[in-house]
Structure formats: C-alpha cells, structure tokens
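K.L.:
Take a look at the letters that make up each chain.
Number of protein chains: 4
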Amino acid sequence: MGQLGVALLGCGFVAEIHADCYRRFVPDARVEAVVGRNEAKTRAFAERFGIPRWFTDYHRALALDEVRIADVCLPNFLHAEATLAAAAAGKHVICEKPLCMNLQEADRMIAACKQAQVRLMYAEELCFTPKYVRAKTLVDEGALGKVYLVKQSEKHFGPHAEWFWDVTRSGGGVMLDMGCHAFEFIRWMLGKPKALSVWCQMGTYVHGDKTQGDDNSIAIVEFEGNAVGMAEESWAKPGGMDDRAEIYGSQGVTYADLLHGNALETFSQVGYGYAVEKAPDTKGWTFTIYEEAWNYGFPQELAHFVDCVKNGREPLETGEDGRAVLEIIMAAYESAAIGRRISLPFKTDAKIPIEPWLKARR
Amino acid sequence: MGQLGVALLGCGFVAEIHADCYRRFVPDARVEAVVGRNEAKTRAFAERFGIPRWFTDYHRALALDEVRIADVCLPNFLHAEATLAAAAAGKHVICEKPLCMNLQEADRMIAACKQAQVRLMYAEELCFTPKYVRAKTLVDEGALGKVYLVKQSEKHFGPHAEWFWDVTRSGGGVMLDMGCHAFEFIRWMLGKPKALSVWCQMGTYVHGDKTQGDDNSIAIVEFEGNAVGMAEESWAKPGGMDDRAEIYGSQGVTYADLLHGNALETFSQVGYGYAVEKAPDTKGWTFTIYEEAWNYGFPQELAHFVDCVKNGREPLETGEDGRAVLEIIMAAYESAAIGRRISLPFKTDAKIPIEPWLKARR
Amino acid sequence: MGQLGVALLGCGFVAEIHADCYRRFVPDARVEAVVGRNEAKTRAFAERFGIPRWFTDYHRALALDEVRIADVCLPNFLHAEATLAAAAAGKHVICEKPLCMNLQEADRMIAACKQAQVRLMYAEELCFTPKYVRAKTLVDEGALGKVYLVKQSEKHFGPHAEWFWDVTRSGGGVMLDMGCHAFEFIRWMLGKPKALSVWCQMGTYVHGDKTQGDDNSIAIVEFEGNAVGMAEESWAKPGGMDDRAEIYGSQGVTYADLLHGNALETFSQVGYGYAVEKAPDTKGWTFTIYEEAWNYGFPQELAHFVDCVKNGREPLETGEDGRAVLEIIMAAYESAAIGRRISLPFKTDAKIPIEPWLKARR
Amino acid sequence: MGQLGVALLGCGFVAEIHADCYRRFVPDARVEAVVGRNEAKTRAFAERFGIPRWFTDYHRALALDEVRIADVCLPNFLHAEATLAAAAAGKHVICEKPLCMNLQEADRMIAACKQAQVRLMYAEELCFTPKYVRAKTLVDEGALGKVYLVKQSEKHFGPHAEWFWDVTRSGGGVMLDMGCHAFEFIRWMLGKPKALSVWCQMGTYVHGDKTQGDDNSIAIVEFEGNAVGMAEESWAKPGGMDDRAEIYGSQGVTYADLLHGNALETFSQVGYGYAVEKAPDTKGWTFTIYEEAWNYGFPQELAHFVDCVKNGREPLETGEDGRAVLEIIMAAYESAAIGRRISLPFKTDAKIPIEPWLKARR
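So the sequences go chain by chain: A, B, C and D.
The end of the first sequence is residue 361 by numbering that gives the first Met the number 0, with every number in the run present.
The end of the second sequence is residue 361 by numbering that gives the first Met the number 0, with every number in the run present.
The end of the third sequence is residue 361 by numbering that gives the first Met the number 0, with every number in the run present.
The end of the fourth sequence is residue 361 by numbering that gives the first Met the number 0, with every number in the run present.
Rather than coming from a laboratory, the hints here were simulated on the basis of the structure.
Where hints are given, some of them may not hold.
Copies of the same chain look alike in the list, so a pair counts if it works inside one copy or between any two.
Stated by the list, open to error - Lysine-lysine pairs mimicking DSS-like chemistry, simulated, CA-CA at most 30 Å apart:
| hint | residue 1 | residue 2 |
| --- | --- | --- |
| 1 | K145 | K209 |
| 2 | K209 | K282 |
| 3 | K145 | K191 |
| 4 | K209 | K277 |
| 5 | K309 | K113 |
| 6 | K135 | K277 |
| 7 | K135 | K282 |
| 8 | K282 | K145 |
| 9 | K358 | K193 |
| 10 | K193 | K135 |
| 11 | K191 | K282 |
| 12 | K40 | K209 |
| 13 | K350 | K209 |
Extracted from the complex, chain A is given alone in its bound form:
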C-alpha cells in the first residue's frame, strides 16, 4: 500500500494546518480533494496546497476511489452528518474536536463507523504534542509517583471564526471549544480512568456584546483512583495564545508551557510578520514561536492515523474517547447551570452542550 488518499472536508483554520502537515510531514498520505462551502475560497485553498480536486459538496469527494480517509475539519454542527456520510462511503474518518453536538450524535457516529468497518479517530492533537508526550512518559516511568492532579489550560482572546460566537452553531462557548482539549489531555495522562463527577464555573466576562456563550470557564473533574483534573479555558485572555499543563504526583511534579516556555524572547521596535497564534501585535516584547504545527503535534497525529489505517491498528484516540469528552462537557454545562457537582455517567437530552446553562441564565 503506497500513499493513502485523503479528502479534506473544510478549508478553514484547522484545515489549513492539516493540509500543510500532510504535505510537509506525512509522506504516506496525499490530499486528493478539498471541500468547502465557498467556491472561490476552496479553489484558492486547493491551488495553494497543490490539491488536485476541490468541491463544494463533500459527497463528491467521498465518492472518489482514491480517497481512503475523510478528514473532517468542518464546523462542529456538521461533524456527525459528515462522519456518517464518510462511513457510508466506506472511508476511514478522522474527526476534529469536539466530536459532535450531543451524545446521541456521538453514538450514531461510533455505531456507523463500526458497522462500516472503518476507523474513527478523534483528533485530539494534545496527545501527540511532543512536550506533552514527554510529560506522559514521565508519568508512565513513575517519575512523579502516584499522580493525583492534572491541570491543562488554553487561553486566548476569542475563536478563529465568527460562527463560534453563535452558540446555536458552535454548541457552546469556550468550555466546549477548548475544554475538550483539557478533558482528553487529563484522561490520557491518567490512563483514561472513569470520570466520577464534574464541577464547573463559567461566565461571559469580556465578550458579552458578541456572544451568549461562556468566555471564561473552569472545570474540576474527579476520577476513579483518587485523582483530579482541572481545565481552565478562556476566550477573554489578551496577549495571544497560552497553552500549559501541570502534573502533580506524590513524588514529583512537572510543568509544561508550550508557548511562552518554548518561545524566543524578542523585542522589536519595528514589528515583524508573526509571533504566535492570536498575538495582537509584534512590536515591543513578544514571545516568538516557531514550527507551531509540529510543536502542537498535528503532523504526528495525522501520521499516526495514516499508519493505523495502513497497518490495521486502533488509533490512540477513538470515537469513544471523543464521546467521553463530550459527556464531561455536557455535565460541566449542567453543573455551571445548577451550581452542583454532577455525577458521571451523565445522561441528557440536551441538543447542544450549552443548553442547560443558557436556560438557567434566562
């Protein structure tokens, strides 16, 4: 089996990262088609990355024989239908985070892929981030003793695209958009134990003019085995992206700062092209990052899935993991809504995660 063909569904922020990563870092894959709503933008995307075909209807991409993998980089509310269509077409699926809008969709996605005998990977890149992977091996080596607290945090000043502010399309605010990273990071770091309960506090502190969604959220998750996870997320943090983790054990700790930590410390009176994701300016002091996609683990993640498909292996991150994360997120919104710790497993008919919190605020 030579190179595997990929159909890239979506041509926004994360699709660009994926396209660039396949080209530079994943020799076993080749993007055969890209799909977008907007004709001009999609064509330009295809040209820019040397992708031979582009479509505005993803079914056409999924119909291609050359395509073995559907890479779902669409807005959240389209994840489920695209995954179902891909499975129906016999394509393996790698789906961007969050897995989908609700637990019913998640169940359908998992079932459909199982039935079609295609792989479903949940694209949590933090499990492939080189610095965090090193932290994981520290834990696995026993360097920290018994781990009892895992913290992960992502903060910046607001999402890449306008549709995120509209919670009916995104399904929630920052706890959904970025909390999903933290929850899966914590689960992975602890060895994916059962989550027992969730506490969550959130609010709209800075962007109340733009969104009903939460723009700063904190969640605490208790796990089997006497361990705790904490997720801190913000769309209200000025000064550019922050991505950090801390792991506490009975015999050690490790602190990892992906961005300020790794950056060059730069002062420029005149400014320059690019410092880091969402940095508002490049004049004065900045923390200049480099090879961002590699440092986040995107190419490693995509290469892993391509390898899984080629060699018939189960991905590190599955649809079930994506579902477990979504369950925690839904419980977190419920907790923020009613001011109580929510026990897991959590059943809910909420159509979107933020639903109970929006109701409670009215």
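Since the structure of chain A is already known, use the hints to place chains B, C and D on it.
P.N.:
Relative to the frame of chain A, chains B, C and D by itself:
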C-alpha cells in the same frame, strides 16, 4: 512617640520571621517579650533575638507597660483567646492568619478590640509582598482593563508543625491553612467586593496516613461586579514551596511567580545550606531564593501596623477582613462536603471550618 | 550617636535613588542638604524629598556641622575634586562609580581621605544587590566548587544624561559607565584576587551619530588562581535594562537575572506608568519590575556605609577597590586600542580611560 | 528517483542520531550500510536500526551501487581521508563538524568533491535548528534592525568519547569541538560576511587531569559591516547541556534558549530515565527535554541534503563554509597563544588547530 514595644506571643516558625523582621527592618518597634509553652525553647528564642524578657504565660507579657502591641503567632485555636486577653489589657493586636476557628470567635475578637479602642490587624502578608503590591498598582492604574479573574496559589509538601495534621487543633487542612492567603489576596486585588458564592473541591491525596484534613484543595469564588477568584492550595506538592498569582483583565494580564520566578537557578553537585522553604534537597538543580521575608512582605506588613498604631491609622487589613476570609473558608468546606455552590453571606454553627467535610466523608 | 547627617552632592538620576533610599530605608541617616548646579531643579529636589537645605556650591554643604557624610553623585569628572574637598572638610565620603577619571586622581582621593582620617567608600551597589549577595554566599558555601568563570552584564539603550555621550566629560563610553559594575562584581565574587590581564573588544555600533564613545564592549579579565571574568556592556540594546550574572564552578553553576528574572510578566493593551529602567514602552508585553532600588541594593549599600561610619568599620568597598576597577577599565581601553592582551598592573598617563582607543581610531 | 541510499561512516554518538533521524524523519533516504571499527558494536548498531549491511572497512560501503551519499560521522582526524575516498567513489558527502584537522585538508576535500562533481555538505545542524531558524527569519524580516552582535554558546561537562581528550586525535579542545557551532551560527545569522579578526581567551580549568586541551574558551570575531560575534564554549559546566543564542540589533533583540527554555520543569524524588544530554542525574529538579534531535535540527539538515542531491541544488552549508569556520578556529587558537587579535584571512601551517596554543604553554 519613640519605639513601640511588642510582645511576641508564640515562638514557632512565623514568630521567628516576625522577630527577625522587627530587628532588621522595623526601627520603630522593639520586641520587649516573647511567650512560649516550652521554657527552654522560649528562653533560647529570646536569647537568639536579643529579646529582654520571656514568659510561658502570655498574660505576664500583656501586663507589661512597655508593651503596646501584641503580635499573635500562636496556633490557630488560641488566636481568639489571646486577642481577647490583649484587648482587655489595652494592647493593639496583630493576629496571624487564619483569624480564628469560627465566625463566633471572629465576631468576639472584633467587638472586643472595638470596645477596648485598640487596633486589630489581620496579618495577611501577601498584601505587602512587593511583587504582588506591584501587581495591585498595575490593576489600579488600569493596565489590565476590567479585571475578571484573579488566581493565587500556594503549594508545598506539608505544614511546619505537627499540630497542623490534627484538624481538631488546626481547624482544617490546606484550604484553611493556605486558602486564607489566596482569598484575601483575591479580595484585596479586586477592591474587596462582596463575595457571592463559593465552589470547592478537595481531598486527601498523599498524606492520608497522617491527617484527616484536605491536602489538595481548589476553590472558586464569585464576586460582585462579575469577577471570579480561584484559590489552589496543596500540602501534597513535592519539590519545595510554590507561590504564584495570575490576574486577568479585559485588556491585559499579569503573571507573578514569587519563588521560581525570582530565584537564582543553581546547580550544585555538592549541595549547600538552604534553597527555599521546604525544599527537600540542595543537590542538583535548585531554585535558590534570597531575602525571603522581605520578598514575602513580612517587614513591610509589620512596619505598616507599627505606623498605624503610632499615627492612629486604620490598618490595610482588619479583623473584618480576616472574618470575611474565614467565612469564605467555612463556605468552601461546606461546598466540598455537599457538592454544591454555596451562597454568601454564609451562616454556620460549625465550630471549626472542616467540620461539615469531615462529617460528609464518614 | 543618633542619625548621621548626609550632604547629597548632585541631584540627577542616582541622587534621586539615594535620596529616596535614605528616607525609606536608612533610619540612621538624614539628608541635611542637597547640592546642584541648577537652582530651580535643586530647590525642587529638596522640596520633593523634604531636605532642609539646598545649595549650588557644594562647599557650603560641606561646611555644615550637621553633615558627617558627603555622598558624591556628581558627573564623573567632578568625583575627585569633590572628594578632596569633602576630606578637607573632615567629612566621610561615599563616591558613586566610577571612582574618577584616571589613576592619578584615584591615588589623590585615597591619600586625602587617609590623611583626613575619614572613610572613603566606593559605591558599587552590585555587592549589595540581594540576589547577587545570595550568589556570593553560594560561592562562599562551596556550592559551586572551585569557581573559574564569573560573567556579569548590563545592557540598555543609552545613558541617563546627555553629558555621558561627550567622552571628554564622561571619560569613556559604556565600558567605563557600566563595565565598572561588572569588574567589581567579578573581583568581589572571586574574593578580590589580583587581576593578571585584560582583553577587550569594543565599537560604536548604533549611536555613532551621538558619541565617539564605545556603545558595545566585551572584556575578558584573567585573575590569579586560574579564574576568568567576563564583562558585557551595552548602550545599544533596545527593550529596556538587562542586568545578569552567571557563575561557573567545577561542581556547580548559578544564573541570576535581576530584571526579566524577577519581573512580573505583563500584557497591557492600554499601557501603564512604568515597567523598568529605560523601557521604551509599556504597551504589549512588558517585564514589570518593582522596588527597583531595593532589588539593586542601594539602600543596603547606604545603610552599610552609615553603619561603618557610626561603628568605625571599614566599608566592604573601598577607594582601593574603585582604583582597581579603574585600572582594569584603563587597561581594557588600551587593549581594544592595540588589539593585545594587556598585563596588569597597568601604568598609564592617560587622562581619561578612553584616550588610547580614541587615538587608535583616528 | 526514489529513496537515496546512504552509507553511514561511523557508529558513535552522532551516527546514532543520524541513523534514527533518517529512519523517522527522512523518507527519501535509506541507510544501506554502516561502518565501524569494532565488529560487535557495528553489527549491533546495524541490527538496532535495521540497516541491511555493516562493514569495518568504509571502502566496502563506498563500493556499493545502492549508496549515493556518504555520511561522515567519524572522529575528526578521519574526515579528510573518508571524504576523499567517497568523492573518488563518486558519492555525495555530508561531513560532520569540524570539517577536518587543518586548512590544507579542507582545500583537498573541497577540490576533490568539485572534481568528482559530487556535493559536499558541511553538517552544521544549528542552521537547521527550528528555534534558531525562526531567529534567522526575524533577522531577515528586519525585526531587529541592523544586527551588530550575535552570541552563541554551548556548554556541558565534557565530550561523548574518550578520544576528544587526546588533542592529537581531536585536534583541539572545546573551542574546536563546540566553537565550530558558534562560528557558523554567527556567520549564517549575519549573512556570511567576511570575518576580519579574532580574539580568543581559553584555559584548562577543570579537566587538567584528563587533557591538555582547552576546557573553557571565549572568542570574539569582528566581521565586515560593523558586526561582532561571540562564542562561549565549555567542557567544564556542570549540570547538563546548555545551548543558547542572543542576537542584538539597532531596533531589537531576541534571546533563544534551546534547552532550559524549551524543557519541562520537573521535580522527581525517585528519578527517571533521561532528562537531557549529559545531565548527571534525574532526581530533584531537572529540565526535561524532548525530541532532542528534531529540536536541534538533525532531521531537517539530513532531509535538506537528500533533497539537494535529488534535485541538484547547492546545500545551505558547503565545504567552503566548513573551511571558513576552521580558519576562524585556527586563528582563535593562535590568538589565545600570543595574546593578540589575529587578522583574517589567516594562513598557517599548523597541522592541528590547538598546535600554537600548546606550544605557547610549554
């Protein structure tokens, strides 16, 4: 009015810091007497710091005319009775944190000092920590815009003295012992708005063989004016003391790390005398701190109170502040016990803060 | 003996720091008079710091009985004459760095103070900088083994006052202005061994339109006992002040960064009052420093000298130390001029340190 | 043209890095053979990395048709003869640093490859280190204005293999072993201007019992265009590897710390497998690095050369660059020997770089 006489009640860890600070940094005060339970230890303390008198009964120190200030550095459960005795003797009081064991005691202390027309200062040194004072002026200058999130955290591997492990004497675990710092830091930074509610999660993760108290605790406090505080405390963090704060506003952020931040970065194959509070070793890499008392703000705090007494001014931190902190702590233990957000003001007959949580665990 | 009276000669940048330090941190001293060339500025200075007298002629201040200490904060070329006048008036002298303009002046200053039986302190504050003092004790404890390399560096974008650019008044560029700090730091850290030789490279890289002096200079000094010092100095470094040291031994190292190290890490969209010495802006990311004078050791230095005078003790830093530094500086300029390692002791008739380098460039 | 065959000459420290990088990161190359002196070690190396053939005589590897590239990872004194043999066999050559033992060898290597019409790449990985590549683009974007000072430093506690201590085999001490990195880094960063002069100071401070070579060295290089480079190198720095760069311009600066900067900050009471190159221990605090080869740029460097060979392009780093570095190194040893600035171009008949310095010390 020349130098003010001070009676130091207690001769443990924090009393040493105070004694050293008065001598080196507070020319307007002179320690006239020290009081301790253990005769030999108290005498040695007096000799070491050149204090002219020592007693095992604090009433004798309070009876001295030369003494104008009683500095209460006793175990938590003695704060109230010592303060009441000092007030009765007409002495001004500076009382170490936490203010006392329960809200009833707090009310009595405040009332007694008012009636005796003596000042009562709540000794929260973080409000005098030079680095944090600079953060406060950043906030006051408007550098960060509207502040919506204040985080403060203290973590190490367990308390200075054995009696802390016994919750009947200490009144609680790390949320009481160190959470009090965070809560007053947050209140001060936000301009002391009303606290509206508390969420708290805690557990005994590492020291279950030594204590029934919580050794790792997280609390979230919502305040009037759409602001949030977060306190993270641990007695379960190996590798020496951590003391950090983060302040998030609509137009800026500031991060302050008192210890790793300020330290010399040292490698020693052979080791040396002292790196930082509670560091387990000085071989290998260490973060060497210097002038710890000054960097925490102890001399500034004591000088401030001496100045308040000399010049008839209200201290920055009062008994009412200490009571407000204690109320949040008691609500935090209640929240951890029942898994709910607790609204403030909070009334409780609990004798010690940890009471509801201990009951809930049984 | 109560408070000692001080006459502050000069009312520029460093005089302000001294005045503020005496007032806030040195209860044993009181500034009785300030002297400046400019009447309005001097009067305003006196008012601002509550100094009872001000003069435009320093002899009048030196004539006061209340004055026991002359604190020389004048431009470099006036250090010698002011010190001689103070000694003649029977006043103890603390003289700002560099000690003076040439070795002959240095010899006269030392001799005059000896004859008048007054103390002469060389005001090298880095020997009192708390973080560096801690590094010194690490060395003295043996934590680093045998020390073989000491580095110290100060860098910013140019001096406080215009007269520094004019080398005939300042006597040299950045190697004189800031190299003196490094050389004495290194001597002190190594236990003041004999300097054996100096290598120096310098140039005018950024400010050639303003000065003939060197604006970026590197010097390497070899010492008895197989140890090396390195001084890196710059007036050409954008982005605000840098002050760092590194100490390397056979069994350990320690790194100390006074400013970026200790600072709060702040982002502000709107800016604020002051970040750090010579920071060009406070918008965007800045490294916010606090209690600068204390962190540099100015109050500790002044208190030390007041204590020496009160108690008849030799200061840590003497006129001889200042002379030793000046000798290294003069050898450094000679080395840069002729491209050779210069052996010490070094004799020269140069009137100002930069003389040989200026000649060589013509 | 499919995958290019590589013969790996050498099976020591850097050969391992190369073998691992080809396998993980360079899909266009395949290692066809490995060569080592020791039969058992070489066979084990081949097995470990899945290399189909191994030899103890490199001529046999160079005779293979499948081999297009000779990757010279041999001790320094064998670089020239292996390169000449490879060129004679019509193989492209990538040669580890330093290029060779003297300038005459360098000339022969360059001429031989030219005549044989094969590419000769000088393997300076710092020019491919992602963090440093980002610094280079900052410079090229003009973010720092006119660059006038470039510093680069590598320090640890001594070389990988015993033969380095024997200067007759290695050709020199740390100025040769690690200074070569700094000199090429500086040349590259400045756009490879002509070097005008070199100053160098060195000594044997810690390892005098093991070597006659320099174990701590500082060199200053002046370049055309009013710019300066500084190289600081040490085999005498305890605590594990340091790799740092600083770039100063008229309008900006950037600081890059490859190791402490990027690392996880870890405390472990029990220790763990590996922290960073040459770290003496993993207990206590350590700076845990990850994906070291990638972060140094090894795979990028190898991929670049494979791409150059495939597509007929000149490598970024050529034999001429390696020669220019060697010339600076030889001038640096001469400078340290006679205590003078040495002008470039520099002619010398020295057989090995350290020759003049060894003579001068006798």
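K.L.:
Evaluate each hint against the coordinates.
P.N.:
Hint-by-hint comparison with the structure:
1. K145 to K209: between (43 Å within a copy, 17 Å between copies)
2. K209 to K282: Both: 28 Å inside a copy, 25 Å across copies.
3. K145 to K191: within (15 Å within a copy, 39 Å between copies)
4. K209 to K277: Answer is within; shortest intra-copy Cα gap is 18 Å, inter-copy 39 Å.
5. K309 to K113: within (17 Å within a copy, 43 Å between copies)
6. K135 to K277: Cα proximity of K135 and K277: in one copy and across copies (28 Å, 22 Å).
7. K135 to K282: Classified as between; 17 Å across copies, 36 Å inside a copy.
8. K282 to K145: between (44 Å within a copy, 16 Å between copies)
9. K358 to K193: The answer is both: 29 Å in one copy and 26 Å across copies each meet 30 Å.
10. K193 to K135: within (18 Å within a copy, 41 Å between copies)
11. K191 to K282: between (43 Å within a copy, 27 Å between copies)
12. K40 to K209: within (25 Å within a copy, 53 Å between copies)
13. K350 to K209: Close inside one copy (22 Å), not across copies (47 Å); limit 30 Å.
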